[in-house]
Every structure is written in structure tokens, then in C-alpha cells.
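Go by the hints and put chains Y, W and A onto chain U.
Spelled out from the first residue to the last, the chains are:
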Amino acid sequence: MDFDLSDEQRMLQQTVSQFLDNECPMAKLRQLFDDEIGFDPVLWKGLAELGVAGIHLPAEYGGSELEILDLAVVAETLGAHAAPVPFFSHALASLAISLAGSAEQKKRLLPALASGERIATIAFSEESDGWLPEQWTLAAGATLHGAKERVEAAEHADLFVVGLAGGKLGVVDRSAKGIEIQRVESADRTRRFGRIHFENSPVEILAGAGIEAARRVVDVGLVLLAADAFGGAEKLVATSVAYAKNREQFGVIIGSFQGLKHQLAEMAIEIEPSRALYWYAAHAQDHAPGEASRIASIAKSHLSERYSQVARDATEVHGGIGYTWEGDTQIWFKRAMFDRVMLGTPRLHKNRAADLAGW
Amino acid sequence: MDFDLSDEQRMLQQTVSQFLDNECPMAKLRQLFDDEIGFDPVLWKGLAELGVAGIHLPAEYGGSELEILDLAVVAETLGAHAAPVPFFSHALASLAISLAGSAEQKKRLLPALASGERIATIAFSEESDGWLPEQWTLAAGATLHGAKERVEAAEHADLFVVGLAGGKLGVVDRSAKGIEIQRVESADRTRRFGRIHFENSPVEILAGAGIEAARRVVDVGLVLLAADAFGGAEKLVATSVAYAKNREQFGVIIGSFQGLKHQLAEMAIEIEPSRALYWYAAHAQDHAPGEASRIASIAKSHLSERYSQVARDATEVHGGIGYTWEGDTQIWFKRAMFDRVMLGTPRLHKNRAADLAGW
Amino acid sequence: MDLSYGKEIEAFRGEVKAFLKASWPPTGEAAKGSKEEQLRRFRELAISKGYLGRSIPRKYGGSEQAPDPLKGQVIQEEFAAAGAPMEPRGIGMMMLVPTLLDRGEEWQKEKFVRATLMGEIAWCQGYSEPGSGSDLASLKTRGELVGDEWVINGQKIWTSSAHEADFMFCLVRTEPEAKKHAGISYLLIDMKQPGIDVRPLREMTGGAMFNEVFFNDVRTPKDWIVGNRGEGWLVSRTTLKHERNSIGNAGQMTALLDALVATAKRRKIDGRPAIQDPEIRRRLVEVEGYIRAHQYSGFLQMTKDLKKESPGVMGLMNKINSTHIGHRIAKLAMEILGDDGVVAPGERNLMGAEMDSDSTWTNYYMATVGIAIAGGTANVQRNVIAERGLGLPRDVAADRSK
Amino acid sequence: MDLSYGKEIEAFRGEVKAFLKASWPPTGEAAKGSKEEQLRRFRELAISKGYLGRSIPRKYGGSEQAPDPLKGQVIQEEFAAAGAPMEPRGIGMMMLVPTLLDRGEEWQKEKFVRATLMGEIAWCQGYSEPGSGSDLASLKTRGELVGDEWVINGQKIWTSSAHEADFMFCLVRTEPEAKKHAGISYLLIDMKQPGIDVRPLREMTGGAMFNEVFFNDVRTPKDWIVGNRGEGWLVSRTTLKHERNSIGNAGQMTALLDALVATAKRRKIDGRPAIQDPEIRRRLVEVEGYIRAHQYSGFLQMTKDLKKESPGVMGLMNKINSTHIGHRIAKLAMEILGDDGVVAPGERNLMGAEMDSDSTWTNYYMATVGIAIAGGTANVQRNVIAERGLGLPRDVAADRSK
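For the record, the sequence lines run as chains U, Y, W and A.
Following our numbering, the numbering of the first sequence begins with 222 at its first residue and continues without gaps.
Following our numbering, the numbering of the second sequence begins with 222 at its first residue and continues without gaps.
Following our numbering, the numbering of the third sequence begins with 102 at its first residue and continues without gaps.
Following our numbering, the numbering of the fourth sequence begins with 102 at its first residue and continues without gaps.
In isolation and in its complexed conformation, chain U is listed as follows (with noise of 0.2 Å):
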């Protein structure tokens, strides 16, 4: 038995982490925060010469089809340093036509997003509660009509991979007519939302798989936002912790009061065990099919509250500078804000593992 990354995997991480420390210190992720449209291309490029963009991918394409627990442990550190990079919509595009597209279509359309050079996003919120294969009702025909809405990086990925009626897959190129793309505000701006209108928009169908392949790219994507919150939350437990050993008030350090200091001890038990929780979920995408849609769903809806409430008790351990624009737990609360909505809310996924187990 050995339930623990291998040194490839620590090292991918260790290089994704330095490469952020170097290139998105907090003075560039303020800036990017800040920022009207928040993207780096020169940022994405410089990750995704890392291999990032394509660990999934098959290697004739220029991927280094790696496992999904790969693709997940590098969501572990983005989330940690709260990259402001479009990784998990463009890992679940990509992964959509490597699992779904034609050989032609992947010859075509891979290469360039396993490089990086071209970015691809998932379009597949309708309205409320509509991100699950069964739930798309867009009608999928030669062209499309009709609205997408919460779109990461709607205003600056190429392609968009859009989930239509049946649960079939279905890419539609940036350039293609009839598209308009809405900015929409949200709190999380290290990652952007947009809403798509498509009026007659070319689309091409991914039909070298059905339904299945969908539901494949949703339960990877429940996977990478466990990672992603695993991440942040373990790294607003250690700024928390750090703050605390540092911070002195009424002459005493204040991670010396013991109220305090049961708080952090608590924060710790909520967040560290789910560390396992995720690299598991993951590992069952490759390797335990048969209930690789429920675990997902499971690490997704608990990382995803744990990360929402480990943020409200960091920003309040942070005391008044936590609750600042300036400060920087507000950034990764606004990051668990995405999380728990992103793919559908702790409770659809709850909904969905109660299912799935036949209960």
C-alpha cells in the first residue's frame, strides 16, 4: 500500500509552487485582482510551459497524460496560491474533447490547448442548479441559440466546450458568429464569470462519446475544485496560525490565549483529514470507475463547506485586517465562494451521493 504521492507528483507540485512564488508573488496577485480584466496572458503562458495545460492529455497531442490525481495536486497548489489562472476550465475543456472529440477533432483542437497557446472553457450552467449532463437543455443542432451563464474566463478563453441537451458535448470557436459574451461581477475575481449568448452560433458536436464522458468531465472538475479547496483552506489554516504567533495583543503573542488557540486546533481538524479526501476522490477516477462519480461528489460538497467556513473563522482570526480589501484572506474567501458554487452547491452534490447510492 502506498496511499501518498510519488516524488514526481510532490515535485510537479514544487515546481507549479515555485514558479507562483516567482511570477504571482501577492503584489501580482493584487495587481491581477484588482485589475478590470484580471488575466496574464504572459502568467498562463509561463505555466503552461510547466506542462500544466496538458498533464491530462495524451501525450500524442503534447500531453503528458498523466492521472487526474496529477492534474488534481497541481489544483492543490493553484488554489493555495490563489492563481488567478483559468487551469480548472481549461483542464475540464480539454479533457471534454480528448475524452469525447472525433481523431480528427482532437488532432485538430489539442495540440494547441495542451500547449497552452490557445485557452478552452466550459460552458454548461443554464439556470439555476443546470450544471449536470441530465439537467443541460440547450438543444444541440448545427447551431446554437440560447445563453450560457457562469463561464470562467468567458472574455479571454478561444474556445468554449458547451454542454447541450441529452448531455451531449459540443465546441464552439471564439471567432464564430452570433456570440456575445457578458462580463459578470463576482466576488471571486481571481476567477472570472462571464454569460454567453449564442444566436445562430456554429457549433461542432463531440460525438465520439455519449453521456458518460460528460458526466467524466463534471466529476474530474468536482475533483479539481476538492483540490483547489483543500488548498486554500490548508493555506488560510497556516496564515491563520502564523498570524497568531505573531500578533501580540494586551502584551502576550496572542496564539498563546487558549481560546484562540482551541479555534486554530478546531479550524486544523475541520480542514487537514480532507486532505486525503481528495487525493482519494481522485485517485478513484482512474482507478475505481465504479464509484468515481459518488466520491467526487462527496470531496466536492465537504471541501467546499469546509473551505467556506475556514474562511470566515481565518478572516475573524485575522481581526480587522482580514475583513479589508487590502488584506489578503479575502481573496481566498471569495475563492471558497467559487468553489461551493462552481459545478452546483454542496447540496446538489449531497442530493446527487444519496442518489448514487441507491438510498
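Since the hints were made in silico from the structure, they are not lab data.
Do not take every clue at face value.
Calculated cross-link-like contacts (lysine to aspartate or glutamate; reagent style DMTMM-like; alpha-carbon spacing at most 25 Å) [as the list claims (entries may be wrong)]:
#, chain 1, residue 1, chain 2, residue 2
1, A, Lys432, U, Glu487
2, A, Lys405, U, Glu229
3, W, Lys405, Y, Glu229
4, A, Lys369, U, Asp576
5, U, Lys466, A, Asp103
6, W, Lys108, Y, Asp223
7, A, Lys369, Y, Glu348
Over the 12 Å line for every Cβ pair with chain A, so calculated as not near, a few chain U residues [as the list claims (entries may be wrong)]:
#, residue
8, Arg251
9, Ala360
10, Asn572
The beta carbon of each residue, even a glycine, is placed where N, CA and C say it ideally should be.
Then chains Y, W and A, alone, in the frame of chain U:
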């Protein structure tokens, strides 16, 4: 505005409290708790002599004709003392007769109940979730066939007020034929349960009022349970604080550990404000009929949940001794279990309060 | 128990109503001149009737009424119903005036109290500093007596409305050799002078209710000090003599609950209005239980006030209790918002018209964390409840600061 | 990441399986004699194969195997599957034997280790006293050396199985002039002697797993001491050298969740099976999330063990984490029981056949409070996590005990 108890109400509480201090000290309470039957007629008689059995009954039948708030403040005091007496069920059963009985029935039945000479109890619940008048199914004829569950003091009551289909109320005498009482072991040994089977048992219907009388009986019952819960919960906070002030560990009074202090403060915060909640709910029974049912459901669900949690917390504060049969905490812990279930769980009453709000 | 206000008070209510009907909004002669002049005339009239400035002596412009929480409550209710202005809101009336009345020099009272009451001057508070939090003893802003003036250097934070204030009441370290609390004085500072730099402090919601204030050789006259040198900490703790209003906060909570119910009717969950979802319904009732307890507990405290009895431990837990309730409301709101629980926070319009919009709720979801922090963290309050309320011993770590 | 046990271990599993198939239950020659004889023969055989007594040297009756958590896990799994007995359960194997091996005299090891391993003698633990709780430094039971014997007087509490034990390992104050920890010695006591009074200690559930033990001039030989005089506290903290089994506890939790699901299928809420109620379903998933995290965290810790790496802060939180999960399960069970949430608690048969009966759940509802208390309160654990796990400073109050 005078949102406070009157001097008379305070005195009533004090009188009952002193009586219980004298006549039912801890040793006596424990003896009754451990006893097979758990009922002491002398203790009941003593309480009745203070007027407790007829507080709410008309003066012409020997009662004090006071308000529900007066009844409730006594319930609080009994809750604080964990008094092993059938006050609750007796109050409701006699209230039912005074609300729904004919003049003849009241004249015949109430005097002995107001004096406490005879004990009455309510038999409402049938299968699960059968506490509300709308839920009763036992057919109202000249005789009864069927069973009632969770009847407090079933073994030592002289009279049963039975909830019947359509929200009717009937009275069955203990001596009537076809009655079989089965003892049901329940956690709370200060208020024992029985199951009553009726086989052709003669019943007299209380025909003086419709379903609204039954509803009022239930509402008043909810208030009394809320009051009992407040009394018990506040007592547990007080004993926990007292324990923390006396007990030493690691050479320090444990009440000076900030971790424990904050837990005790939180326990107090959970409980203390709801004294006013149960007061208002009691007051509303006589003075705000429009909101009486709803606030009764809110008070009962709120306080029985707070009581249940504070009972767990208090047990932990008391350490090992809290978990023993010899420790006192467990007696209140189990009363909290009774208060939570009696007349319907918090879930039932939250549903009811939402319905009554027209949501 | 009697939840009516009683005959006497209801008669008083009648008087207030009649007064307001006649006087607000101003008509005829009273409606002449600018808005400010009308407002000033109205306030003077209301003071002359004993409705405003009740705790302030006549000689400083008040109406000097015997404290009466019920009358205070009735005045508040009726003025609110008529949309009539009361005393100016803000920290000046709430904190500076009671402090001056208790500890100020005669000339200070004369100069500042009436003008504050009439809304002619506005105040901001200079207590918190970066890194000082609940621990005022660690303040670093220095004041040095140079000739007839204090020369002040340093920085204050969490100063609300500093950009609109005319003056600041401020805690400044004037006795560098004295330890902690003992070296602090309570100074009054004119905000309209060079050397003062007010910068907005942006909150995580995007709003900016607060400021940072930088002092660079800021000057204030030697006698603009309240109390003696080094007594500032004591002076700042002067008990508020205001007629207490324990009910106000619960009223806000009730309004929030109403807004949440409205939101639950508007939003859908699982394809039907959220208000029809059994779990949401139960959670709404659960929150309502807490709010009702808080609200009636306010009735009880007002009654204790009326009887001049102590509210006991209950009186110490209002703030943390409403913080807890705020957290509960915020989390339930997120549940109801569902997929829109990540919309950008909107304007801080929690009591206004758009109270039930999605972005107001994400705002509230963040603001409730801020509320927990403002004015002393929850842990300090827990300690106060444990020690002063429950009589538990002081903890050793906290004792060190003595 | 590889969740299989690997070829070598699976081969080992094959061996164990084959051994068990051949040896349990005993047949032919091995099945002769009393149950006790059969058991003894089986254990001896299993020891000779290296399956039992793995951490115990051969000369004291063990099989002296290199520590291997995976093999340990496989042995446990296969013995459990075959219903075969392992080492005797209880505190003797768990605590006394590792302590003796580490700190005992040669004659002590010879006399006690083999007999304990073979189940010939049973032990109970004498640490807690009324009023001592987590604070062993405050122990009051006295031992006085009179001639060649210790004469012991005092009282122990929370002693499980004291009525069945042959011996007790016990912390006794032998150096009255020394302070706190320094005055305590670790003595072994024969329980079958006059002066020992064992009384059952009834729990709030009605069960009696524990005892109080009273000593009245109880005697034990001078050399039945482990370690030196006054070193008892240190000796009692000897690290357990057992092969760790982090997975076991999560397995129990999973079994509890299964039982709770079964209960939810059996019980009705609002007229339909509770398992169909959306809120109950979600709460079951929520609890499952915590259990899964705990379970996989156990995998990770076992892996760290195999690699001889530290599990870090995670290793310190298993106990409080499972306590929290227990509370969650207990409260959810009460919700599912509905109107029967007040039935008298039943037998403590949580892992047995009637695991999903109503009275077992009310039992569990109480037992989970007891679990929180047993072996150090949650607050002590929080301190350990904060200080040793997160590196926060010691709090001042706790420092006082130094």
C-alpha cells in the same frame, strides 16, 4: 411596559422551589429516579397543596384561575429541579376538560383534579408523529378500540384525556374496562411512559368545544415543555459553571482555563436569552391568540434543541462523573430527551411554524 | 406582565404624535429657508418640547429630561414613523457628548455639546491603530507638548466618516515614560488642518465605510484635553449615559429575516420556490427562534432598565448573540441563493429597498464577518461574559496585561 | 499511489489464509481438550508462524518479527475473516507488555509477558482517581514501604474489567515529600487479595464497563515496581511499540454509518421512510464526508508509518476527529429516531447484530458524550494539536503545572 414576572409569580416560583429543595432533595430525587415505579404520592400531594395542580383551572372548581404564564413559571421551576411529578400531563389533561367539558363534566371532574387528589394525563400520540389533533385517528365512539403511545404517568393516572379522530377529546377512567397499560422503559426516569391499549373501553366525549380546544391544549403543552427546558438548561449552565469554579486540574481551577471559559460563555449565550422567549410564548397564549400556536411551536423547538445540546456540553464539562449514573447531570440530560420528543420533535414544530406563517 | 406601554406613556405618545403632525415636515413659516435652517428650527422646537437632547442639560442646549427608556422608545418609534429627524446620528452624540458631560471642562461643554447636538459639527473617533485591535494600551500615536500646543504624529485606523468629520476625539500617547494605559491622553483635534491625511479603507465587500487617518505634525491647543494627562484611557471608558435601546438591534434582525423570507420566495431551489423547500423552511424557523429570543430578551432588559434593576449576564451577551445570529442568517442566505452565491457584493443597503437582492446578501455574507470583528473580537466578549457574567476566575494570560 | 498491498504482502496473505484454513477452527488432534487448551495450542502455533506476538521477543514467548504495519493489517483482516482469536484483548497486551519490555526487570518480563500473551493472566489499569481526570500529577493513592512490601491505600476509578483482572498496573504516590509527578511509582498489584474492593461504576446508559477499586492496606512485594521509585509517571508514558492500526477506528465509523442508513430505511419520518427524506439524505452524506476523510487519512498515516515518516499534525487529531464524528452520528440518529428518541438505552452492542435498534442509538447518543471524556478531555487534545501540531506557544495557565 412590564415584560417581567409579577411579585406573585416570583413568589410562586420561590414557594415551589423551596418545597422541592426540602421535600425532593437530590437524595430523594435519585431514589425516585432509580425506583421501579418512580412516583411518590406524598410528594405530589405536597405540591398539590401549594395549588400547583389547579393554577390554570377556574376558581369555581377549586383552581386559582391564573394565566398560562403562571403555569409556565412553575414548569420552569420543576424543570430546574428535575421534579419527578406528572405536573405536565396533569396540567394539560385538566386544561382539556376545563376547555372542552360540559358544565356537568367540569363540575364532576375538575375539583378532584384541581386539588390534585386525582391525577389525569393525556394520551395523544399514536404511531410516529401523531401528536397534533389533525393527526389523531383513534375513532370516537361510545367505546374505544386501539392504542395510545408515550403516555406520561400512565401507570399512576386516574383519568386519561384521549385524543380522538377529528381533533375530539375524550375522557376514560382508569377503572374502565378493557384498559391495559404496558410500561415502556424510557430514558427519562423522572417522567415515565406507558402504552395504553383500549379494548371496548367506555369513553365520554368532551363535547363542549371543537378541535380548537385540542389545539390550545397542545399549544399550552408546548409552552410548558419550553419552560421546563429553559429551567433545566439554565440549571445545567449553573452547575457547569459551579463545577468549573471548584474543580482543580494541573494545580489550577479549571474555570480559569480560557478554553473552558469560552465554552461556558457559549452555553450561557445559547440559553439565557430564551427565558424571554418562553415567557412571551406563555403570555401569548392568553393575550395574543393570533400568534399563540406559532410562537408555541417556535419556543418548544428552539428550547428543546438548546436544552439537548447544553446537556451534552454540560456532561463534557463535568468530565467522568458527568457520564456516570451517580452523577447528577445525566438526570437533566434525559429530561432533555423527553422535552425534545414530547408533543412532537423540533422538526415537526418547525414544519408547523412554517405552515402557520403561510410560507 | 404587560406588553403595552401603559396609559401614561400612551398619552405621551399622543403628544408626540400631535407635535409631529404639526411640525414635520415643516409648513408655513417653518418651511422657509434652506433645508439646514428648517432642520435646525425643528430640532430646537423638539428640544424645547423635551423630545430631543433628553440627557443633555439645558445650559448646553439639551432638554434635560429624567431618563425614561419608554419615552425614549416612543419618541424613536414616532419620529421614525413620521420620518422626522432626531439628534444627529454618529459617534459625536453617542460617545463624545456623554464623555464631555461627565469629564469635560466647562468651556469644552459650552463649545462642543450644543453644536454637536444641533448637527453643526460632526465627530470621528480616533482609538484604533494598526496592530492595536482590542488592546488600546498598545497605542503608538504620540502627542508632544510644544509651547501651548500638542504636536501629534502617528496613525489611526477604522475611523468611520473621518472624511466628513470636523473634529476627532482621539487617544494619544503623551507620557512616553509612563506604562501602557497610564501614558495615554484624550485629545480633541480639528480635522480641518494641514498634516491630516484621510484615506479610505476599502473593505472586502468593496465598500469603504472606514478610513485610515495619518497625522504629520498635527496641532491642537494645550487645553483641548479631556481629563488629565495620562487619564485618557479612563476617560474613554466613561459609561454611556444614553437611554438604552436594547430593542433596536432585534428590530434590524427581524427586518433581515423578512428580507430573507422574501428572497426565499423569489429564488428557486430544485425547481420550486426556495420557501417551499422543507429544509429551508425549518432553517428559517430555527433562525427565527434565535431572533425572537433576542428580541424578547430586549423587552426584558428594557423592563429591568425601567425598574433600575441589573439585567445580569443577559446584558453582556447582546452583541455576541447578534453576531451569532448574523452568521446564521448569512449562511442560510447563501443556501437560498444557490448558484448565485458568488455574485459580487452590492451596495451596503441592508435596511433599504433592495434588501433582498442577491448582491446585498453576498455583501451581508461578508459584512457579518466584519461585524464579528468590529469593536472587540468575540473572544474578548466571551471572556467578559465568563468573568463578569458567570463569575469565573480571570485567565492567567489575560492577567498579564495588568 | 497504490492502494493494493503489493505482491509480497498478498503472498503473505495467502500464507496466513492457508494457515488459518488448516488450523482454525481446530480439528482432529488440535480439537482435543477444553476450549482453553485448544485456544492455547492455537496461539502457540500462530506465534510459531510469526502471526501473533510479533513485537514480543522469543524468549518471552513472542515471535519477534520486524515491525510491518501491512502484515499486521493483513493478519488482522484474515484472522477476523476466519473468526480466529488473536492476542488476548485488553489493556495487558496494549499497555503493560510494551511497558515491561521497555522498562521492566528481567524477572518481571519472564514472569508476566508470556502469561499475558497466552491469555493466562488478565490486567487492569490503575491510573485515574476521583478528582484527578487528565491530571495524573494530582494522584493521591499512597504506597508505603513496610519491610519487604508496599502497603497501598487509596482509590482508583474508571478501571475497566477490574472485577475480572488478576493483576493491576498502578500509579501510586510512594514519595510523599516529592512534588507532583516526581512522587509517583509504577507498581504491579495482585488483585486477588484481601483489602481490595471492586465496585461497578454505573454509567448514565445503565451499563457498567468500569469499576471503582478501593485499596485498604493492600500489599505487593517491594520489587513489583517497574522503573525506579518516583519514575512512575515517566514509565506510564512509555511509547506504545505496537504496530499501529489507524484504519481500525474508521472501519468502526463506516459500520456505524451503515447501521444508521439501515435505521433510516426502517424508520419513518413524515409518513415515509426516513431514508427518502431529502434533509436526512444530505445529512447522511455530510457525515459520510467526514468519515471518508478520516478513513483515507488513516490510509495516509499507515503509508507514512511504512515509510517511517512522521504523520505530522494529522497524527494528533485522530481521536478528537472521531469524537466529533461520533457526535454527528449521534445527533443524526436522534433526528432519524423521531418520537422514539427517548427510549431507554439498550445494551452496548454497537458493533453487533442489533446495531440499528432504537435503544442502541439512544445508548450511542449517551456513549458519544462518554467517549469525548475518556482518556483526556477534548480540550487537552486541542491544546496538544495547537502546541505540538501547529507550533503555537504554550498557554500560561497550562505552564503553571511545570
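Structure-based check of all given hints:
Restraint check for A:Lys432 and U:Glu487: satisfied, since their Cα atoms lie roughly 19 Å apart, inside the 25 Å limit. For the given pair, A:Lys405 sits about 17 Å from U:Glu229 by alpha-carbon distance, which is consistent with the 25 Å threshold. In summary, the hint linking W:Lys405 to Y:Glu229 is supported, as the alpha carbons are separated by about 17 Å, within the 25 Å threshold. Taking the CA atoms of A:Lys369 and U:Asp576, the gap is near 18 Å; set against the 25 Å cutoff, the hint holds.
Straight-line distance between C-alpha atoms of U:Lys466 and A:Asp103 comes to about 38 Å, which puts the hinted pair past the 25 Å bound. This hinted pair checks out: W:Lys108 and Y:Asp223 have alpha carbons roughly 12 Å apart, not beyond 25 Å. Taken as a hint, the A:Lys369 and Y:Glu348 pair is honoured in the structure, with Cα atoms around 10 Å apart against an allowance of 25 Å. Look at U:Arg251: its CB is around 27 Å from the nearest CB on chain A, clear of 12 Å, so calling it non-interface holds up.
Every C-beta of chain A lies more than 12 Å from that of U:Ala360, the closest at about 30 Å, which supports listing it as non-interface. At roughly 7 Å from the closest C-beta of chain A, the C-beta of U:Asn572 falls inside 12 Å, breaking its exclusion from the interface.
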